[in-house]
Structures are given as structure tokens and as C-alpha cells.
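Top line first, the protein sequences correspond to chains A and B. Note that the numbering used here gives residue 143 to position 143 of the first sequence, counting from 1, and the numbers run on in steps of one. Note that the numbering used here gives residue 173 to position 173 of the second sequence, counting from 1, and the numbers run on in steps of one.
Treat the hints as calculated values from the structure; they're not laboratory data. Predicted model only: the values in this text are computed from it and were never measured. C-beta atoms are modelled at their ideal positions from N, C-alpha and C, and glycine is treated no differently. Warning: the hint list may mix true and false statements.
With the C-beta cut set under 10 Å, the calculated list includes, among others, these residues of chain A facing chain B [what the hints assert, rightly or not]:
(1) Ala165
(2) Leu167
(3) Gly200
(4) Leu206
(5) Gly286
(6) Tyr290
(7) Thr331
(8) Val358
No more than 16 Å apart at the CA atoms, straight line, and that leaves these computed lysine to aspartate or glutamate pairs for EDC-like [said to hold, decoys possible]:
(9) A/Lys5 <-> A/Asp52
(10) A/Lys190 <-> B/Asp262
(11) A/Lys5 <-> A/Glu49
(12) A/Lys333 <-> B/Asp262
(13) A/Lys252 <-> A/Asp315
Computed spacing ranges between beta-carbons, pair by pair [unchecked claim]:
(14) A/Lys190 <-> B/Gly223: 24 to 32 Å
(15) A/Val360 <-> B/Ser229: 39 to 47 Å
(16) A/Thr409 <-> B/Thr79: 43 to 51 Å
(17) B/Val99 <-> A/Gly316: 52 to 60 Å
(18) A/Lys362 <-> B/Thr79: 38 to 46 Å
(19) A/Lys190 <-> B/Gly296: 56 to 64 Å
(20) B/Gly234 <-> A/Glu280: 20 to 28 Å
(21) B/Asn98 <-> A/Glu140: 49 to 57 Å
(22) A/Ala163 <-> B/Arg80: 37 to 45 Å
(23) B/Asp307 <-> A/Ala283: 38 to 46 Å
(24) A/Lys362 <-> B/Ser229: 18 to 26 Å
(25) A/Asn166 <-> B/Gly223: 38 to 46 Å
(26) A/Glu280 <-> B/Pro297: 51 to 59 Å
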Amino acid sequence: MAARKLAITGGRVIDPAQGIDMISDVLISNGKIVEIVAGSPGKSYGDYEVIDASGKIVAPGFVDLHTHLRDPGQEWKETIITGTRAAAHGGFTTISAMPNTDPVQDSAAVVDDVMRRAATDGVVRVLPIGAISVGQKGKELAPMGELADSGVIGFSDDGNPVADANLMRQALSYSVELGLPIINHAEDKKIAAGGVMSAGAVATRLGLAGVPAAAETVMVARDLHLADLTKSRLHIPHISTMGSLVALRAAKESGVDVTAEVTPHHLTLNDEWIFGLHGEVPAIVGSEAYDTNTKVNPPLRSRADVEALIEALSDGLIDIIATDHAPHSATDKVCTYNDAAHGINVLETAFSSVFGLVDVGKITAVRLIESLTAGPAEILRKDLGSLKKGFSADVAIIDPGNKWVVDPTQFESKSVNSPLTGVELAGRVVQTIYQGETVFELNAVAGAKQ
Amino acid sequence: MTNPTITVGNGANAEATDVADATASPRHHLLDLDDLSASEISDLLDSAEGMLEITGRDVRKTPALRGKTIITMFFENSTRTRVSFEQAGKILGADVINVTASASSVSKGESLLNTVKTLQAMQIDALVVRHPHSGAPYFISNYTDAAVVNAGDGTHAHPTQSLLDLFTVRNHIGDIAGKKIAIVGDVLYSRVARSSIIAFQKMGAEVTISCPNTLIPDEWQLGTVLDESTGFDGLKLAKNVDEAVDSADVVMALRIQQERQDSGHVPTLREYAERWGINSERMALANDDALLMHPGPMNEGVEISSDVAHGAQSVVEEQVRNGVAVRMAVLYALCAPGKSTRVSSGDEA
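Generate coordinates for the entire structure from the input sequences, incorporating the hints supplied.
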């Protein structure tokens with residue numbers, strides 16, 4: 001690793017893990033954080049290479065607990081190379097790898113392969129998540145101990161909820177010894193009944209089968225009770241309903257060891273986006289409706305759910321933001337809404353989209369960055385997500401004034417399935433440093449598009 | 001893409017070429033009725049009057065759409081709607097090609113997108129689409145210059161069915177405004193119900209729905225009147241079928257599918273017949289000269305009893321006959337010479 005010395009000077013350093021929010025300089029050497037030097041404008045650092053961050057926010061590199069890299073098995077959608085580059089583009093220096101690959105990450109052999117290739121081909125850190133059940137089929141437990149030994153950071157059957165409550169109970173119980181969380185996509189498929197968007201007036205108007213909020217809420221409630229029963233660690237992915245929040249609050253207050261994540265899209269988009277007009281509700285449904293890039297599971301919810309999720313993230317009930325980055329190729333999205341695959345391309349728009357909530361005063365920049373850094377690092381129980389001395393020098397430099405229009409053809413990701421296409425966002429990661437090396441820097445030409 | 005302005009026909013004769021453009025508006029497709037104004041709907045119905053006269057002639061043929069190519073593309077089983085469109089196109093002199101495609105053809109290789117692009121390359125004038133997925137005609141309309149006519153998409157819309165219902169009612173009772181329409185049956189899964197609600201409300205009628213609570217959207221509640229936030233402002237949801245039918249001018253029974261019993265939406269079709277079936281006792285609650293309608297195909301003895309289905313108040317067969325005339329009016333409005341909206345790729349700006 002580089003022997004390079006870097007001094008990131010004059011920026012507003014926000015490191016929630018240390019309670020730091022002040023204009024400071026960040027010193028990096030040998031890929032590690034050396035120290036944060038406060039209040040010394042113009043100070044020179046000898047042989048350090050200087051990055052002038054004045055006017056910028058300097059934050060720990062973001063940590064994502066929910067990424068789909070599609071590799072191995074669906075390399076036409078994303079690869080470890082393109083996925084980690086997309087991550088770097090979005091300010092993420094640590095991402096997870098969900099196990100719904102082909103083959104599934106349900107054995108040490110597959111996990112080892114992903115980790116080995118990530119180490120050589122990836123530009124940021126990749127932490128794999130192992131399957132809960134063999135083949136993610138929900139029938140028998142995957143070798144969770146073997147997977148833990150290989151370095152997985154949790155277990156999930158991803159888009160396949162563990163429908164069998166007893167299997168879920170055993171998975172939670174077995175994971176206690178391993179110290180790793182169970183991450184269960186909470187959706188009762190029977191209640192969802194093949195729905196393709198959130199139930200409500202928009203679904204009714206479009207004639208699309210709706211998924212009631214209860215499909216998520218009942219399984220969240222079940223999992224919370226099972227986590228309580230087994231005294232285990234439960235992590236709820238992409239929480240999306242007001243009912244789930246009520247259950248989550250009650251469980252946390254009664255001492256259940258539970259954490260929860262919310263996605264950028266569930267914080268910023270609602271079901272009205274399915275009309276295809278960036279959230280506008282038309283008098284007449286037009287041919288832009290049924291926008292398949294809005295199809296995601298859990299589905300985009302109501303305005304009221306979105307407001308409740310923002311409030312819950314702001315007050316800490318929801319612990320973190322995770323992307324659920326789900327790249328899909330054109331053949332999966334250029335089709336009818338029913339035929340379209342679930343999933344949104346998120347990594348490269350994640351920060352900018354949620355930073356808009358800071359601009360309108362719904363959440364503080366500090367809490368937002370905490371939910372992308374210290375929060376997920378705490379769930380991982382790893383020395384990540386902070387600029388503490390000796391930590392890996394993973395840094396995201398943010399220009400809060402940078403306005404840009406989302407153009408997925410410019411993504412590092414292999415796929416373009418973003419509902420934000422053509423939307424102007426403000427606040428952007430302009431440089432990402434991983435282990436002391438710049439892995440992304442917004443070039444002047446692309447950045448000039450304002 | 002250009003989107004030329006054309007008018008819907010308001011003349012009584014399809015052979016007339018000087019169709020007035022008083023109601024001119026951009027009209028390229030017929031995807032649902034929400035984008036038609038009441039006056040545009042009236043114009044289409046006026047045009048259908050002339051078409052109906054043509055269908056009654058000894059020689060049922062006009063050259064109005066000679067040289068035009070219409071493709072019916074049905075991804076779902078249908079006899080009456082497909083034949084109705086085919087006959088409508090042929091009476092107008094168009095060449096009609098029927099494509100029966102399985103919805104599963106996607107899994108067999110060719111995507112809907114490629115199918116549409118292939119047909120587009122053949123210079124067609126209109127594409128009549130029936131598809132099990134809501135929104136499919138909207139998707140298709142983005143990839144073809146042909147006029148797209150929605151012949152039923154998933155649980156979303158069936159605009160020509162609703163137009164023929166309006167036409168049938170208008171022919172019997174004149175002005176639809178202020179009339180009381182009772183629609184009895186599955187709303188949740190019925191594209192006919194949704195389009196009919198929009199159509200009758202747009203023409204000023206008072207629409208009341210009755211069905212089991214399992215067959216309306218979750219956000220609706222029986223015994224209430226819907227507000228604007230639902231997208232169906234003013235729709236009445238009766239507590240029971242008798243309340244809906246009471247003093248109605250039109251009673252429309254909708255088909256109940258066996259699968260609604262299988263999926264637990266109704267206990268049994270027998271119980272459905274008992275509680276929601278339209279029979280002579282229930283028809284007696286409606287106005288004396290009330291019309292009985294059904295979009296077909298009927299489950300006689302379930303949602304409609306045989307005696308009323310074939311009784312004096314029934315206009316079921318007339319609906320089918322009118323369907324051809326209305327579809328002629330639609331195809332003429334979208335494809336007639338001088339108003340063709342098809343643009344070759346070379347014409348694109």
C-alpha cells in the first residue's frame with residue numbers, strides 16, 4: 001500500500017463516531033488516518049500532498065450494508081469491478097455483497113471466490129453476506145459457521161423472505177454464537193399476493209396489483225418476537241412502513257437487539273413516482289406511466305410513510321441508510337411493469353438524493369453522515385466508518401453546493417435503472433479516498449455540468 | 001416524435017370526408033377514457049351512429065380505411081373483442097391481421113418490445129392490443145408510430161367496452177347525465193368496471209358499485225362516497241346490492257371468475273349468486289324501464305340469472321352488436337385518410 005502522505009485541508013470535517021464537526025485538516029499516511037488537526041488554516045504539512053477541501057465536507061468513507069454486485073452469475077448487470085467503481089463514485093469505501101448470486105453465497109467456496117476477486121479487482125472494500133438457507137430456498141440452514149469463518153458479516157436470503165417461522169427462529173438462535181446479525185427481507189408473500197407496487201390510490205388508478213403495508217409489517221413483528229425469544233441480533237433491511245416503525249420502536253424499548261436500515265429511495269420517493277413524472281400526479285395517465293425504474297421491493301410507499309421514515313431516521317429509531325443497490329439490464333426493465341425486475345440502481349445517486357433532506361431541514365448533515373458511516377460500522381463491529389487515528393484512511397469529500405443532473409449513461413455501474421434519470425440533485429461526493437488512495441475524483445468537465 | 005392533431009369523427013357517415021374539426025385535439029391512441037373529454041366521447045358516439053347504420057346494410061363494406069393495415073395483437077384469450085375489432089376494421093375496408101401471441105412468449109425468447117418493433121417495421125396503421133398486464137398498451141405506445149388501441153390491459157382499462165356501454169345506454173335513454181348506474185361485481189380485478197366508472201361519471205351519471213368487500217381496493221370502504229384523493233371522486237359504494245340497484249336506470253352485472261372463489265375472495269359462487277346475483281327480484285327494485293347490461297361472457301345463474309339475462313330489459317346482445325359500430329368509430333377516428341397519425345421514421349424531427 002502507498003507510502004503516500006495526504007493532508008486534506010480546510011474542510012468541514014464531520015466524523016460522528018468521534019463527535020467531530022469542525023473545520024479541520026485530516027492527515028493520512030501509509031493508508032491510515034494519522035490525525036485530525038483542528039483550526040489551523042493555512043498550516044503547512046511538509047512532505048504531505050495537500051488536497052484543498054475548503055468549502056467541502058470531509059467525512060469518513062460511506063459504508064453500505066446492502067449492495068447487489070451480481071457477481072458471480074449475472075455479470076451483464078454488474079461485476080465486482082463495476083460495482084465497486086460505482087461505490088467509489090458515490091463515496092462508499094465499504095460495501096456488502098448480498099448472497100443472491102449464481103451460485104448463491106451459501107458456501108465457503110463461493111464466499112472465498114467473491115472475497116478473493118474483490119481484493120484484486122475491486123477498488124473499495126467488499127464484505128460478503130452469507131445465505132441463511134441453502135440456495136436461499138428457506139428449507140434448511142446454510143452452513144452458517146463455515147460462512148462466518150470465511151468472513152461473512154451477516155446472513156440473509158435477500159429477496160426471499162424466510163417464510164418458515166421456525167427456520168427463522170433456528171437461524172436467529174444459531175447465529176448467537178457467531179455474533180452476526182440475521183437480515184431478513186420482511187415480506188409475507190401470501191399477503192403481498194403478487195402485487196407489484198404499494199397498495200393505494202395510485203395502484204388502483206393504474207390497475208396494478210397492490211402490496212399492502214401489512215405484508216411487511218406482520219413479518220417485521222414476527223421477526224422481532226423471534227429475536228426476543230432467541231436473544232439474538234436482528235437487522236431489518238429496507239424498512240418501509242409506518243406499522244413496521246411502531247413495532248420497531250416497541251421492540252427497541254423492550255430491549256430487543258435490533259437494528260434497521262432504510263434506503264435512499266424510500267426516504268425520497270413515493271408511489272406517485274410510478275406515474276412517470278418524477279412524483280407529479282397527472283390529470284391523465286400518459287405513456288410515461290408505469291415507469292419500471294420505480295419498481296422495487298419493498299415498493300415505493302405513500303407520502304405519509306416517507307415522512308415517517310425520514311423522522312425515524314432523524315431521531316435514530318432507524319439506525320442507518322443502506323442502498324439496496326440493485327442493478328438490472330435493459331431487458332429486465334424495458335417491458336411491462338409486471339414483467340420488470342425489482343430493483344433500483346442507487347450507489348451513485350444515494351448521497352445526493354438524501355442530502356436534499358438536509359437542504360430542506362428534515363435531517364442534520366451530521367445525523368445523515370452518521371447513518372452512512374458510524375452507524376453501519378457499529379452494526380459490523382469493525383474499525384470502519386470513522387476518521388479515528390489508525391483507522392483505514394477511507395474518506396469521502398463532499399461538495400454541498402455541487403448541482404448535477406442524473407444521467408445514468410454516465411454511471412460507473414453497468415446498469416442504468418434509475419428513477420432519478422433527468423432529476424437535478426444538489427450536494428455531491430467529489431472525491432473518494434480508500435486506504436489513502438484516491439479511487440474516485442469528479443473530473444472538472446463532468447463536474448461543470450450544472 | 002410528431003403528434004399530429006386529428007379529430008374524432010362527428011359526422012353520421014364514415015364516408016364523409018369533411019369531418020369538422022371543431023373538437024380538434026391531439027389524438028394518437030386510445031389507451032383509456034381518462035384522456036377523452038365528454039364532448040370527444042359524444043363525438044365518437046355520434047360517429048358510431050353512422051357506423052351502426054353501415055353494419056345493418058346488405059353489403060357491409062365501405063372504403064373508408066382502404067389501404068390501411070390494422071393488427072390485432074391479443075396476448076390473452078378473447079373471442080368477442082377480437083372478432084369485434086376484426087369485423088370493424090374489415091367493414092371499413094382495412095386489412096386486418098390477427099396476431100395471437102402468448103404472454104409467455106417473453107419467456108420463449110422474444111420480448112414484447114421486439115414484437116412491437118417488428119410489427120412497427122411493417123408500416124402498420126393501428127395496433128389493437130389486449131394484454132394481461134396493466135399498462136402494456138402504454139408501454140407499446142412508446143415504441144410504435146401506429147395508433148395504439150387498448151382492447152383491455154390487465155385489471156386497468158377496457159375503453160372500447162365502456163364506449164359501447166355508453167352508446168347502448170344513450171340509444172335507449174338519451175342523455176346519460178343525471179342517470180343512475182348500478183355496477184354490480186368485482187371492481188378490484190375488473191378493467192371493465194374501472195373504465196365504465198370513468199366513462200359514466202364523465203358523462204354526468206351517478207355511479208354506484210356493489211360487491212363483496214374483498215373485491216374493492218383496501219383504501220375504499222363500503223357505505224361511503226369516494227373523494228378526489230381516490231381518483232374516483234363521487235363514486236358511491238353501496239352497503240349491499242339492493243341499495244345499489246334501488247331506482248337505478250341501468251344495472252350492469254360483471255362477470256365473477258371462478259378463481260375469485262379459489263383465491264378466497266368469495267366463499268362460493270353459490271353464495272355470490274345469492275348475495276350479489278342480479279335476478280328478477282333485484283331488477284324489480286330498479287326503475288321500471290331500467291336496462292340490464294353485461295359485458296360478457298356471462299355466468300348464467302351466478303352473477304346474472306337466466307331469466308333476466310334473456311328478458312325484456314336485457315340489452316346484452318345489443319351491446320355486442322354496438323361493439324362493432326363503436327370500434328369502427330374508434331378505428332376511423334384514429335386511422336382515416338387525412339388524419340392518419342402514422343409517421344414514418346424519416347418524418348421524425
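Hint-by-hint comparison with the structure:
1. For the restraint placing A/Ala165 at the interface with chain B, the shortest Cβ-Cβ distance is roughly 21 Å, beyond the 10 Å limit, so the hint is violated.
2. The beta carbon of A/Leu167 comes no nearer than 25 Å to any beta carbon in chain B, farther than 10 Å, and the hint placing it at the interface is violated.
3. The closest approach between the C-beta of A/Gly200 and any C-beta of chain B is roughly 6 Å, which is under the 10 Å cut-off, so the hint is satisfied.
4. Interface restraint check: A/Leu206 against chain B, minimum CB-CB distance 6 Å, threshold 10 Å, status holds.
5. Proximity of A/Gly286 to chain B holds as hinted, the smallest CB-CB distance being about 8 Å (cut-off 10 Å).
6. Here the hint on A/Tyr290 is kept, as its CB sits about 4 Å from the closest CB of chain B, short of 10 Å.
7. Annotation: A/Thr331 was flagged as interfacial toward chain B, and the flag holds, the nearest CB pair being 6 Å apart, inside 10 Å.
8. The criterion of a C-beta within 10 Å of any C-beta in chain B is not met by A/Val358, whose closest approach is roughly 30 Å, and the hint is violated.
9. The suggested pairing of A/Lys5 with A/Asp52 holds, with an alpha-carbon distance near 14 Å, which does not exceed 16 Å.
10. Of the supplied pair hints, the one linking A/Lys190 and B/Asp262 holds, its CA atoms being roughly 14 Å apart against a limit of 16 Å.
11. For the hint linking A/Lys5 to A/Glu49, the alpha-carbon distance of about 6 Å falls within 16 Å, and the restraint holds.
12. Taking the CA atoms of A/Lys333 and B/Asp262, the gap is near 32 Å; set against the 16 Å cutoff, the hint is violated.
13. Proximity of A/Lys252 to A/Asp315 is assessed by CA-CA distance (about 13 Å); at most 16 Å being required, the pair is judged to hold.
14. As the Cβ distance of A/Lys190 to B/Gly223 is approximately 28 Å, the hint placing it in 24 to 32 Å holds.
15. Taken as a hint, the range 39 to 47 Å is violated for the pair A/Val360 and B/Ser229, whose Cβ atoms sit roughly 24 Å apart.
16. Take A/Thr409 and B/Thr79: their Cβ atoms lie about 46 Å apart, and the range 43 to 51 Å holds.
17. In this structure the hint that B/Val99 and A/Gly316 lie 52 to 60 Å apart at CB holds, the actual value being about 57 Å.
18. As the Cβ distance of A/Lys362 to B/Thr79 is approximately 55 Å, the hint placing it in 38 to 46 Å is violated.
19. At roughly 33 Å, the beta carbons of A/Lys190 and B/Gly296 sit outside the given window of 56 to 64 Å.
20. With their beta carbons about 23 Å apart, B/Gly234 and A/Glu280 fall inside the hinted range of 20 to 28 Å.
21. Distance hint check: the CB atoms of B/Asn98 and A/Glu140 are about 50 Å apart, consistent with the given range 49 to 57 Å.
22. For the hinted restraint 37 to 45 Å between A/Ala163 and B/Arg80, the CB-CB distance of approximately 41 Å keeps it satisfied.
23. Between B/Asp307 and A/Ala283 the beta carbons are some 43 Å apart, a value that agrees with the proposed interval 38 to 46 Å.
24. Roughly 24 Å separates the CB atoms of A/Lys362 and B/Ser229, a value that falls within the hinted 18 to 26 Å.
25. A/Asn166 and B/Gly223 have their C-beta atoms about 41 Å apart, which keeps the hinted 38 to 46 Å range intact.
26. For the pair A/Glu280 and B/Pro297, the supplied restraint of 51 to 59 Å is violated, since their beta-carbon distance comes to about 40 Å.
Checked against the numbered hints given earlier, this structure breaks hints 1, 2, 8, 12, 15, 18, 19, 26; the rest are met.
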